[in-house]
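Could you use the hints to bring the two separately framed chains together as a complex?
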Amino acid sequence: MWGVTTSESEEHKATLNALQTAYDTVISIQRSSNKDTSVLNKCVVLLKHDTDGLENKNLDSVQWTVICSGSVTQPSINDTNKTAGIPPSVLIENLETFIEATKDKTEITKEDIEVLYAIDPELEKLLEPFTTFHPLATLTADLKAKKTKLQTYVNTKLGK
Amino acid sequence: MINHVYISNNSANKESVAEIIFVKKNSEEKYEKGIEQLYEEDNLKKINTSGNTIFIIDVHCTFKGAEKLQQQGGVIIYRYLLKQFEKCQDKLKVVFYSPVPQDDLVKLKPENYVLKLLPFIECKYEEGQFEKDLSDEIAKYEKEVWVQFNNASENLLSGWALAKNQSVETNYLSDEEREKQINEQNPKWRTIAIIDDQLHEWITTYKTIFEAKTKFRFLHYNNSKRTKGTFDKSKIENLTDPKTADTLSKQIKDVDLVISDFYLEEAHESNNWMSVEELSKKSGFQLFETIKGKKGERGINKGVPYAMHTSSNKIQYYKFLNANGVDNWFTKDIRPNATSQEKRENFIVFKKGIEVYTSNPTSELYATLRDIWKKIEVIETWTQPMSWWDSKTKKPEILNLIKNSWAAIRSYVQQEDYVAENIGSIDTHFTPASVISNMCKILEMDFNGAFKTVNHCFHFLRHIRNAASHYDSYNSLVMADAIIYLEVWLSLLQNVKINKASKIFQPVNGHEHMIHVNVDTDGNENHFKHQLLYIYLQYFNSPYSKDAHSAKMRIKKRINDLLQQADKVILLQEVLNHVMPKDRRGNAISGAIHLSQAIACDLTDDATLELSINEDKEKLFIMND
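Going down the list, the protein sequences come from chains C and Z. Per the working numbering, residue 1 is the first one in the first sequence, and the count goes up by one each step. Per the working numbering, residue 1001 is the first one in the second sequence, and the count goes up by one each step.
Hints were generated in silico from the structure; no laboratory data involved. Quantities reported herein were computed from a predicted structural model and do not represent experimental measurements. Keep in mind that a hint or two might mislead.
[To be verified] Listed below are the simulated BS3-like cross-link pairs for lysine-lysine, each with C-alpha atoms no more than 30 Å apart in a straight line:
| no. | chain 1 | residue 1 | chain 2 | residue 2 |
| --- | --- | --- | --- | --- |
| 1 | C | K160 | Z | K1107 |
| 2 | Z | K1253 | C | K146 |
| 3 | Z | K1107 | C | K149 |
| 4 | Z | K1109 | C | K82 |
| 5 | Z | K1228 | Z | K1319 |
| 6 | C | K160 | Z | K1207 |
| 7 | Z | K1557 | Z | K1253 |
| 8 | C | K125 | Z | K1033 |
| 9 | C | K144 | Z | K1116 |
| 10 | Z | K1295 | Z | K1314 |
| 11 | Z | K1109 | C | K144 |
| 12 | Z | K1314 | Z | K1281 |
| 13 | Z | K1068 | C | K125 |
| 14 | C | K147 | Z | K1132 |
| 15 | Z | K1228 | C | K157 |
| 16 | C | K149 | Z | K1164 |
So that you can see chain Z by itself, here it is in the shape it has in the complex (with noise of 0.2 Å):
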């Protein structure tokens, strides 16, 4: 049997099974309860919840506070009856009516957004209209499903609104597409994982704050399966494609975020404050040590950023789950009468704080960085020595340097960089140097005869990490050179085709290739001013970089940077003039190529000319347009 409860201002219809009422109390006309009152004291918080009730409420409901019919107290009612249901929204059912479509109605008041997607009637005061359009609604969301809510999704759904249906973006434009025609953009969509016991509850929100082409993996913890209040993986059910059966691993392995729910299994937030112990003992972190792994345990995707949406707002939660390596927290507001402003900055928030993971420059700098550690863990899994360098010896201490770079890269993306200004310590360059400066430590280790003879690549490596060791080139790196760097490193340890280290380097046919830096007639060298990009110059274009692809096409950007950056006088200066390097005899060293031909085609010294970067046979030259 179900019943229809009308909630509403005017007074009882014998056809309604129950009603309650707000009704202006005394002659003066002013109401003598607000909705908080109502709740604690009246009729709302005594409401059935077995899911028999379909409560069909007038948006226009007045009461102390909202007292104007505009203010569309109704939906502020609906709010208190979310909390009312908070353990069991599926069994909530609203049918809202009034006067206005429902379109209109949230044009008038943004804030309640909610009121387009839960089941309505627009009344026409035609016989029978109502009537006959509240049985076709009903019977509709029987059928199917009735929409659901919580305060805190309902609440996040609200800011959106306030803060002009900005959407959450979960693309990212690389600045070359920019520049295309909009319709021959091709940008990069993440994809998200969205993991929470209640995920019926946040999918409207989601699908309706963030853009409509984002690409979410809905998975729902079900923790009414196997045994209660006990962490389960295999409790996970993948919503967006129900029919997939796959295991967790499947389902997050290629994601670019994850977003979970800190309570999984247990009762919400409390007024408790737990310990580290138990904290490490909640499922939402539980969770999160197996898809990030931690000592021991490698985890499903340790380089995917993970943010916590969880009700709990205790910093020293923060504090410790940061500590572990989570991204980032946001705080689900469950309060049904949190302020307008309130929920629209929450959700600036939580938009701000996703587009870092998913449409800003640092979620490629994220993605990259996932990418990295997969390879390096491809590295790790090596059993018997496959490369030049896989050494029982020394592989430990090098998969120790490149996972410590690893490490200093993705702290360094994830600092807020306001705290460095604010103690006037902009970290633009010493992180990026440094990582250099660690990872060339592998250039020191005994290697057996890799340096006897070397080729473009080691010069590439020695000349980066000088300019990352001295003081007046260290500042000229950037975060960019640093990835770069460590891709390089990546793609020779990856190097299964050379098995012996006295090969790693070696010329082609013996003969000796070399970077030109600038040497003084005493055989001293000294910088270039530009000697970054000339060094990236011979790198690329040598035969040496053809197996660093994804270095290579960082390579390519980062050159075009450096030239955008340069002094033009000078940089024609040091290319046309280059001394050419001599042996002690002060003959020519065999294989030295004059800078101008190296990296340059047909430069002229006219510095009123503007610089280019010409693609010729997959090598880079600086040219004069």
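If we strip away everything but chain C, and leave its shape as in the complex, we get (with noise of 0.2 Å):
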């Protein structure tokens, strides 16, 4: 679920690329004509949430290592902070559309983000004049059109 946004996707590449060259360099060994293979049993490929900790580690291995990076605490992306995470609770079939509409691009969209958390921009506009409107409050004389106008919407949105 993560790194779809544009830093985690390069942490990707390089999480991949680093999985490539372990490959390679164990299908290296094992196809030279003067292979020596006893290096294989002592390869270790590490995959890692973070680098903490592994300054103590003395492993007695040919070793690569591999950061995935991650966390459920980390921030949600939006549209000030596009290169944070994709919190768990998007659901599958958004996330879907995110990736595809967003594979090959650069950077992503304030319309992508969008796409994600399922928000639509006109009804959110539509919402606001009455978020700072307290119910027990004194009316004021736009906001009885002002809800016909979101009701429109809304019924057209729903396909009534």
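Given below as structure tokens:
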């Protein structure tokens, strides 16, 4: 789920590149005419969430470390922080649409993020006047008209 | 004194006693805190839970994590209120409001289906409208009862809505019924008993997510009655029909499925891991034993499928209950922040799991097994010899064989097919053949003259047993055959009209009947390719099957299935060219009837014609269409 934003895409590219390097090295040793397969017995690919604790490991092996990012506590992607993570609350179908729309892009747009959260900007705009109005406050003249406009839009959106 | 607390994004109003306000914290219009932090640190966790407060919530509250109005953050707040009121949901009183009608809000965000079921005011922005509607709504629910949920029941409801309102189906349609016009179909509706100490928090969810015609029996375990903390079956009250003062036995004995909570008396799931001994003392397990019985105690409804619906997700507990006969385990997701994906998946698991016992073809097997168990119990209760076989010496052995067969079929039905598939051993024939072989040990017992002269029924039992015992025929048997076989045996064992073993297999007027199998010129029995079909037809058409009513219904279906699968060319050849059996002198055996007459009617040797079953005077015959 992580790594579909710009920075994390790069992170995943790096992850995949590191895995590719490890794989190529193993294959080249195997295919070499003068192969020393003993080294393969000591090959280790570490897939780690972060780099913490790596310095404490004294592994007697040929080692590739692949750092995988992503955490449920990291900030969620939004209009102002387009490089943050995607929260697990996002529905898979929305995520699929989002990935399809962004796979060839270098930068994620506001519209892409709206797709991800199934946010309708027009509906948001039409709801805005009511959120600053307390139901017990004195009515203003234009609220009823704004509600009619909102309802008309909702009806159209829902195919009524 | 009732307090009104408004939860909204905007500033305080002097008419409200208290307010919880979510505002944007700084000039960059970024929220400082998300709902979880607000719950932990701020007002939400300090709320009075005495029942004197009515929360009036703006559906469109915003905060960190729900920054858009259409994310309907007010419902997220409601979920944290549910958590705060988890031990007193009857005290939580909520009214939502929005400029958008509640039906539309739910269509825009299906996971918030709860909005449709809770008190709601659509703001019309007309003078006095909100105040009047609020007053009416509160008066209405104060007079009736405030709708109750808890986090788990709301999550399940939400998952159902996210799964596009696919109801949990509780009716079974047989193949025959499916072929009828919809308005002529007669489905079997299952009755489901729900037992929970927090039942009031579940009823609305269950009624919404199950098919509308579902036959519920809501049984509330009232743990405030009598001795607190001690399981007592008399604490169960029938909410479906509160006027009934029936015992638990009467409430449970005819249901098709029991769904029960595990912690009826105890505090819910703790972090401690319980031992098997501790688990066996839990109220949910004691209720299970009361209903399903245990060693030395019969129980109320031993054959009924039993599922636990509990907040526990500890797999060792399930292993313990599974070993004791609990059929399934559904987890109540009690988190206020469960994701939409998780809620949907949890609902799908629940739906598919329940339908095994209510609407899938397996549900009919469970229903059959439940009825069969009741027959076994009747036989077991006989205190003196009642039937031809009921001697003190043989009774325990015969009951043991029958019970083992029942248990084997029950295990077979319960097992997950894909496990067998994964190891490359699809158990379609092995268990049915084993069950039949097992029951046939009764035929080996000495019944003092029972097998001197034998009729069609005996031949039927012997031939099916032979089919189960040989490698070239056992794989034609399926679970339907094992159930038929068990039912035929039970009809014989239940026969109290005959009290002498020597009479049970006696042919009418002493005239021996036989079931035809393929006999070669040397008198050796060989197998017809469609032998099972012929055996069933001959037994069905004999007078000796008349007492096995439920087995006959099943045999009829099995005959049709076998005919559909048959190789027409071979079948015609076998039936039309049947070699009549002869005695040692080469004479035709008395009473033998050619297969083309015993099981067929005007059958012609034309494989281009379809074969079908014709019923005439309660007998079945193969014919060409």
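We went through each hint and held it up to the structure:
1. This hinted pair checks out: C/K160 and Z/K1107 have alpha carbons roughly 11 Å apart, not beyond 30 Å.
2. Taking the CA atoms of Z/K1253 and C/K146, the gap is about 59 Å. The hint is violated against a cut of 30 Å.
3. Between Z/K1107 and C/K149 the CA atoms are separated by roughly 18 Å; this keeps the pair inside 30 Å, and the hint holds.
4. With a CA separation close to 24 Å, the supplied pair Z/K1109 and C/K82 stays within the 30 Å bound.
5. Pair hint Z/K1228 plus Z/K1319 holds up; C-alpha atoms about 28 Å apart against a cutoff of 30 Å.
6. The hinted pair formed by C/K160 and Z/K1207 meets the criterion: a straight-line CA distance of about 27 Å does not exceed 30 Å.
7. Distance check on the hinted pair: Z/K1557 and Z/K1253 sit about 28 Å apart at the alpha-carbon level, within 30 Å; holds.
8. Pair hint C/K125 plus Z/K1033 holds up; C-alpha atoms about 23 Å apart against a cutoff of 30 Å.
9. About 23 Å separates the Cα atoms of C/K144 and Z/K1116, which keeps this hinted pair within 30 Å; it holds.
10. Between Z/K1295 and Z/K1314 the alpha-carbon distance is near 26 Å, which keeps this suggested pair within the 30 Å criterion.
11. Straight-line distance between C-alpha atoms of Z/K1109 and C/K144 comes to about 24 Å, which keeps the hinted pair within the 30 Å bound.
12. A C-alpha spacing of about 17 Å is found between Z/K1314 and Z/K1281, which places the hinted pair at or below 30 Å, so the restraint holds.
13. Note on Z/K1068 and C/K125: the hinted pairing holds, with a Cα-Cα distance of about 10 Å set against a maximum of 30 Å.
14. At most 30 Å may separate the alpha-carbon atoms for a hinted pair to count; C/K147 and Z/K1132 meet this at roughly 19 Å.
15. A hinted pair counts as satisfied when its Cα atoms are at most 30 Å apart, and Z/K1228 with C/K157 does not qualify at roughly 54 Å.
16. Distance restraint check for C/K149 and Z/K1164: the Cα-Cα separation of roughly 28 Å lies within the 30 Å cut-off, and the hinted pair is therefore satisfied.
Going through the hint list in order, the structure does not satisfy hints 2, 15.
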